[in-house]
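Given next are the chains, with one letter for each unit.
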Amino acid sequence: MVLAVRELRKSYGDVTAVDGISFEVGRGEIVGLLGPNGAGKTTTINMILGVLEPSGGSIAVGGIDLAKHRSRALERTNFAAVYAQLPGNLTVEQNLRVFGLIYGVKPLGQRIEERLRQFDLERLRKTKCGVLSSGEQTRVSLAKAMLNDPQLLLLDEPTASLDPATARDIRAKIREFATHASTGILWTSHNMYEVEEVCNRVLFLSRGKILLEGNPRTLPAEHGHGTLEDLFVAAAREPLALEHS
Amino acid sequence: MRLHRVAAIFLRQFYLVRGSPARVLPLLGWVTIDMVLWGFMSRYLNSVTAARFNFVPGLLGAVLLWDFFGRIMLGVTTAFFEDVWSRNFLNFFATPLSVSEYLAGLIFSSIASSSVGLGAMLVLAAVVFGLWFFAYGAVMIPFLLVLFLFGIALGVFATALVLWLGPAAEWFVWPIPAMLSPFAAVFYPLSALPRWMQYISHILPPAYVFENLRAIVGGRGPSAIALAISVALAAGYIVMAAWFFARIYRRVVRTGLIARYSAETLG
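Chains as they are written, first to last, in the working numbering: chain A, 1 to 245; chain B, 1 to 267.
Check each hint, because a few of them may be wrong.
As the list claims (entries may be wrong) - If you only want the chain B side, here are some residues facing chain A, beta carbon under 8 Å, derived:
1. 12
2. 16
3. 254
To be verified - Okay, the calculated beta carbon distance ranges per label pair:
4. A:222 - B:22: 57 to 67 Å
5. B:29 - A:109: 30 to 40 Å
6. B:243 - A:56: 22 to 32 Å
7. B:24 - A:163: 20 to 30 Å
8. B:251 - A:69: 47 to 57 Å
9. A:213 - B:203: 16 to 26 Å
10. B:116 - A:109: 20 to 30 Å
11. B:29 - A:128: 20 to 30 Å
12. A:88 - B:33: 27 to 37 Å
13. A:72 - B:223: 45 to 55 Å
14. B:240 - A:104: 25 to 35 Å
15. B:250 - A:128: 56 to 66 Å
16. B:221 - A:128: 51 to 61 Å
17. B:37 - A:120: 30 to 40 Å
Since the hints were derived computationally from the structure, they do not count as laboratory data. Just so you know, even glycine gets a beta-carbon here, dropped at the ideal spot from N, CA and C.
Produce the entire structure from the sequences given, and follow the hints as far as they go.
Put into structure tokens, the structure is as follows:
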């Protein structure tokens, strides 16, 4: 098990953003974290990344308690998010070197070359990240996210803003990485086609709680819906109905 | 503390400075202007006053030390602002990087950048105005250390303030050295200040440094007690600034502001 979340909770005064959720992510498993805007997905990811303190519950990465051993737990983790682009005033190679040092990657030079090749970034190595296209920036973020061969990879809408061809290519690379590096991936997306294609398991989050959990290819039929998108819409509009079904 | 993580913060600053003339010029520009301006002012004062006091070491030496202090403090805050301006907090603080490693990286960056300015000031003061600063010997080194420690403390405090109040609070930071200078008695003896200002001066380590600089230039020896008090004060401020930063960091992690820093507040 690479990620174990137990009774995780986050409240802001009277408002509860995440309400006692528990789940796990195994080695080589890709778990989709789904839900409408404001359901608590990014709050959950931020707590797992150690940039938001939970109000209750626990998070363990590779068996290491995040609250007690933050650095050791985060050494095994990495992330890419559409809202967290790497500094635009450094080149691709400079950014990878800085973050590689932070994660203590060895041998760093070799690993950087591997990731530049893997994400077709060799010709952009001396280019500042701020002038890259959205697709190129996403590839750099993913190269950074995989630099330390993390046990746990958090991807918050990694293919948002990508064209369909680039998104397909990126999905293939992430799947390949999960298989070869035995990395557990927690993936948020609003693209249900993508989720169905990539995820082994999905968690539907609504109002801070896990509403549904299961295989994205069989879950819609189990709840009387034709597609994952239909199920998503029903979960977003009438969560109580699904909770009792 | 892992040195490779401290090195990563330093390396980022190095890359930024190396690739940007707009960042290199301020390291040298302001100190050069100050040296030239106060150097000629000191020479002029020497020529029009009958006093036996030599203004070059007294005035220009004070400017040199005060600029050194200011560069150290702003070196820490500017390195921090680079992460504010590039919205880099989430990238950095979602890694194994600890607060102490991050601060150590900022401090090493400041040492490097302010050393460039200090070197330029020493060369200018010596070559153009004949002020051989190290002619005063090793006695100056502890006082430089006091200014260094207090500059670090104030830099860390100022970064915590910006982390707490949001990016717009950076405008509180720039005038801090200027606001302190009247109390630090950079250009005049403490006795020239009214009593209430002297009370404030006595809790500021630079006031002891400049009082002793004037004593050394005037041919009197430095005060060991004053040195001990200023070192203790500066060390105390470092501890308090680190505590304040850690407390603010915990607060922004608890509220989630660090992940949404551009919002400034969560209200």
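Tested hints:
1. 12: Result: holds, 5 Å to nearest chain A Cβ.
2. 16: holds, 6 Å
3. 254: holds, 4 Å
4. A:222 - B:22: 57 to 67 Å: holds, 60 Å
5. B:29 - A:109: 30 to 40 Å: The hinted range 30 to 40 Å holds for residue 29 of chain B and residue 109 of chain A, with Cβ atoms some 36 Å apart.
6. B:243 - A:56: 22 to 32 Å: Cβ of residue 243 of chain B to Cβ of residue 56 of chain A: about 27 Å, so the range 22 to 32 Å holds.
7. B:24 - A:163: 20 to 30 Å: With Cβ atoms ~40 Å apart, the hint is violated.
8. B:251 - A:69: 47 to 57 Å: violated, 22 Å
9. A:213 - B:203: 16 to 26 Å: violated, 60 Å
10. B:116 - A:109: 20 to 30 Å: Given a distance of about 28 Å, which is inside 20 to 30 Å, the answer is holds.
11. B:29 - A:128: 20 to 30 Å: holds, 24 Å
12. A:88 - B:33: 27 to 37 Å: holds, 31 Å
13. A:72 - B:223: 45 to 55 Å: holds, 48 Å
14. B:240 - A:104: 25 to 35 Å: At roughly 31 Å between Cβ atoms, residue 104 of chain A and residue 240 of chain B fall inside 25 to 35 Å, so the hint holds.
15. B:250 - A:128: 56 to 66 Å: violated, 34 Å
16. B:221 - A:128: 51 to 61 Å: For residue 128 of chain A against residue 221 of chain B, whose Cβ atoms are near 54 Å apart, the range 51 to 61 Å holds.
17. B:37 - A:120: 30 to 40 Å: violated, 54 Å
Of the numbered hints given earlier, the model fails hints 7, 8, 9, 15 and 17; all others are met.
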